[in-house]
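**Student:** Sequence:
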Amino acid sequence: MSKLTLFIGKGGVGKTTISAAYALHHAMRNRTRSVLLLSTDPAHSLSDIFGQALVDRPQKLRLAPKARLDVWQVDAEKQFHAFLSRHKERLLSILETGSIFSRADIEPLLETTLPGMAEMASLLAIADALASGKYDQIVVDTAPIGHTLRLFALPQYFSSFLDILELAASRDRLLAELFGGAVPGASNPLVEEWRRMVETVRAELLSNAEIFLVTTPERFSFNVSQRAIIALRSLSPDVDLTGIVLNRAVLGSQHCRICRLRHEATCTARVFFRRHFPSKSIYIAEDAGAPVMGARLRDFGGHIFAGTSFTWKAASPKSRVRALPLSRVEWPILDRNLSMVLGKGGVGKTTISAALGCSSRLRSSEAVDICSVDPAPSLDDVFQTEISDQPRSVLGDAKFRASEMDAVAVFRSWAGRVKQMINQATSGEASSVHVDLWFERQLFSQLLESVPPGLDEILAVLRVFDLVRGRASRVLIDMAPTGHALDLLRTPDRILVWTKLLLISLAHHRTLALARDAGVKIAELGKSVRELVEFLKNSRQTCVYVVMLPEALPDRQTERLIAELSKLRLSTAAIFVNRVLFKEDVGKCRRCTRRRQWQLSTLRQLSARHSQIPLYVVRDFAHEIAGKRALRTFVGELWRLA
14 MSKLTLFIGK GGVGKTTISA AYALHHAMRN RTRSVLLLST DPAHSLSDIF GQALVDRPQK
74 LRLAPKARLD VWQVDAEKQF HAFLSRHKER LLSILETGSI FSRADIEPLL ETTLPGMAEM
134 ASLLAIADAL ASGKYDQIVV DTAPIGHTLR LFALPQYFSS FLDILELAAS RDRLLAELFG
194 GAVPGASNPL VEEWRRMVET VRAELLSNAE IFLVTTPERF SFNVSQRAII ALRSLSPDVD
254 LTGIVLNRAV LGSQHCRICR LRHEATCTAR VFFRRHFPSK SIYIAEDAGA PVMGARLRDF
314 GGHIFAGTSF TWKAASPKSR VRALPLSRVE WPILDRNLSM VLGKGGVGKT TISAALGCSS
374 RLRSSEAVDI CSVDPAPSLD DVFQTEISDQ PRSVLGDAKF RASEMDAVAV FRSWAGRVKQ
434 MINQATSGEA SSVHVDLWFE RQLFSQLLES VPPGLDEILA VLRVFDLVRG RASRVLIDMA
494 PTGHALDLLR TPDRILVWTK LLLISLAHHR TLALARDAGV KIAELGKSVR ELVEFLKNSR
554 QTCVYVVMLP EALPDRQTER LIAELSKLRL STAAIFVNRV LFKEDVGKCR RCTRRRQWQL
614 STLRQLSARH SQIPLYVVRD FAHEIAGKRA LRTFVGELWR LA
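The working numbering runs 13 ahead of the 1-based position in the sequence shown.
Among the hints, a few may not be true.
Stated by the list, open to error - With a straight-line cut-off of 30 angstroms between C-alpha atoms, the simulated DSSO-like cross-links for lysine-lysine are:
1) 550 x 331
2) 540 x 596
3) 432 x 540
4) 79 x 147
5) 596 x 326
6) 550 x 101
7) 331 x 432
8) 326 x 79
Claimed, not checked - Cβ-Cβ distance ranges computed for the label pairs, FRET-style:
9) 533 x 253: 26 to 36 angstroms
10) 250 x 484: 50 to 60 angstroms
11) 45 x 333: 41 to 51 angstroms
12) 603 x 338: 38 to 48 angstroms
13) 273 x 91: 44 to 54 angstroms
14) 399 x 626: 33 to 43 angstroms
15) 123 x 72: 22 to 32 angstroms
16) 65 x 329: 18 to 28 angstroms
In case anyone wonders, no lab produced these hints; they're calculated from the structure.
Only a predicted model underlies this, so the values are computations on that prediction, with no experimental measurement involved.
Positions of the beta carbon are idealized from the N, C-alpha and C atoms, including for glycine.
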C-alpha cells in the first residue's frame, strides 16, 4: 500500500511550497521510489510553483527528469462526474427502487454541479491514487484548513450515505418484513464495492497517514492551527501529527527592526509548539525574503527535512524597480449594502475586513454587520473577543456587530425542523393516501443525520441573504479562501437549477402532502435566491474587495480570481495589497531589501494590468493587528498606487 503524506494548515502558510519541496526532495533523494504530488485545493498553485502547465491527470514533473515524480492538480467537477458516470446506472437503479422518485426525476440532478464536489473529488482522487498501486508515496497539498477538516470528515459521511443507499436498495425486503412477509436479503454489489473503497481511504487517511501541520510564526496562524488539531482529533482518536513545519521563520535579526520582531515571533512560536506538542518534531523553514520556486524547491526541501544549511542564493526579480508613486489616502467607507472581501488564504482578508468595518464606523453613522463565512474563521482573534453564530457588538460599538457562521449548528437546527415536517406529512392522515409512508420517513430521517459536504457554501448563501434582507446596516462578508469563495459565489445560480429540477420532480407526486409542502418550501427558496442573484450582480448594491500580498503566487492567483469575478459579473471595487515594506522600514537588511524588490516588481506589474481598479497599499506593520487600539492605528494609514 502507498504511504500517504498530507500537508495541512491555515490558508497562506505555504502548504504548496512546503509539500512541493518535500515531494521533490524525497523523489530526488531516492530515485527508485515513485512519488505522486496531488493538490486538493480548488485554487491550485502547483502549476505556478513548478512553472509547468498541468492537466487533470498525473503527469511527470519536468524539473526532475531522473526522478519518478508525478504531479496532479485535481479538477473537482471532472473527477466527480467521471466517478458518477462509471456507476450511474447502478446508482439510479438503487435510488429509483428506494424512493418515491423515478429515474427521470433523479438523473437531471446528477448531471448538475452538486454541492461538496471539491471535497468529494479530493477523496475520490486519493482513493484512485491508492488503488492504482503505481506510487510508493502520495503527497497531498491540501485546501485551507476549514475545508480540509471537511475532507477528513468525508469517510464518515460517505459511510452514512452508503447506509442510506443500502436502506434504499432493501426497500422491498423491509416493507415485506414490516407487513409480515419475507423476502430474501442480499447485499447490493455497488454498495459493497463503495464500502470497501471508503474503508481503505478511512484507514489510510485517519489512521496510517503522515500528517504535517504547516504554520507561520504569527499568533493568528498558530491559534487557527491549534483549533484545527482539536477538531481533527475529534473526528478520530487515531489521527495524529507526524510533525510541525514552522515556515517563514527568521533565525537572526541582522540589526533590522522588522527581522528582530519576526525573530521574536519565531522564538515565541517554537516555545508554543514545544509546549502544546512536546512529542512532535518541529521542522524549520527559514524565510528567504524571495519566492522559492522551480529548481530551488529541491534545496529548500533538504533545508527543511534534512537540516541542510540555508546557503543557496535567493532569486532576485529580473528588473529593479527603485520606487513607485504612492499618495496617502483615507480608508474607503462602505457605501454599498453588501461588500465582500476575497483573496487567497493568508493574505489578511480578516484584518482588511475588520479595518473596513472599523474605518466606516469611525467616519460614518451607518451601522456595520461583519460576518465570516470561512469554516476556519479568525474574527475572534482580530477583535479579541468571542464571536459566535449570533451577531454581537465589537470594539465597544453597539452599531458594529460581528458573527461567524456555524454551518454545522445551523444544519442541525434545520434538520430537526425538517424531520418534524416529514413525520407530520408522511403519516396516514396527513399524506392523503391510505398507507403510512413508513419507509420514506426512515430514509429521510437517516439522510438528515449526517452533515453533508458542500454545506458551507449553501448555508453561506442563505446567511448573506438573511443579512442583506431588510437591514439598515452595511453588510460586510469575510469570505473563505479563493477556491471555496468562488464556489460560494457560483452557488446561487446552481441553487436555481436545483430548485427548478426539484419542482419538476415534485410535481409528479403532488397527491402527497409531503411533496406539496416540500414544493412550497423549494419555491420560496428559489424566489429568495433569485432576489439574491439580482442583488449580487447590481454594482450599486454589491461590491467586492480583493486582498493580496505582493508576492509571485498570490499575484497569479489574484489574476485568476479577478478574471472569474468578471465572468460572474461582480464588481471589483478595489485591490488591497497587504504587508508592503516601505523604504524607511528596510534599512540595510539584505533579506528585507530583497523582499521589497520583489514587492515593487509585483506592484508595477499589477498596476499595468489593472489601471482601472483602485490599488491600495497597506504597510507591513510586522506585528499582528488585534484589538481596538491596534485596529485604530492600522486604519490611520493607507496609500494608493497612482
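**Student:** Now look at each hint and say whether the structure bears it out.
**Tutor:** A quick look at each hint next to the structure:
Taking the CA atoms of residue 550 and residue 331, the gap is about 40 angstroms. The hint is violated against a cut of 30 angstroms. The suggested pairing of residue 540 with residue 596 is violated, with an alpha-carbon distance near 54 angstroms, which exceeds 30 angstroms. Annotation: proposed proximity of residue 432 to residue 540 holds, straight-line Cα distance about 23 angstroms (limit 30 angstroms). A threshold of 30 angstroms between alpha carbons decides the hint, and for residue 79 with residue 147 the separation of about 17 angstroms falls inside it, so the pair holds.
At most 30 angstroms may separate the alpha-carbon atoms for a hinted pair to count; residue 596 and residue 326 meet this at roughly 23 angstroms. Annotation: proposed proximity of residue 550 to residue 101 is violated, straight-line Cα distance about 36 angstroms (limit 30 angstroms). This hinted pair does not check out: residue 331 and residue 432 have alpha carbons roughly 62 angstroms apart, beyond 30 angstroms. Restraint check: the Cα-Cα separation between residue 326 and residue 79 comes to about 24 angstroms, which is no more than 30 angstroms; the hinted pair holds.
The supplied range of 26 to 36 angstroms is broken by residue 533 and residue 253, whose beta-carbon atoms lie about 49 angstroms from each other. Checked against the given bound of 50 to 60 angstroms, the beta carbons of residue 250 and residue 484, roughly 44 angstroms apart, lie outside it. At roughly 44 angstroms, the beta-carbon separation of residue 45 and residue 333 lies within the given 41 to 51 angstroms, and the hint holds. At roughly 26 angstroms, the beta-carbon separation of residue 603 and residue 338 lies outside the given 38 to 48 angstroms, and the hint is violated.
Between residue 273 and residue 91 the beta carbons are some 49 angstroms apart, a value that agrees with the proposed interval 44 to 54 angstroms. Between residue 399 and residue 626 the beta carbon distance is about 36 angstroms. The supplied range of 33 to 43 angstroms therefore holds. A beta carbon spacing of about 29 angstroms between residue 123 and residue 72 agrees with the range 22 to 32 angstroms that was offered as a hint. A C-beta distance of roughly 22 angstroms is found between residue 65 and residue 329, which places it inside the suggested range of 18 to 28 angstroms.
Consistency with the previously given hints fails for numbers 1, 2, 6, 7, 9, 10 and 12, ordered from lowest to highest.
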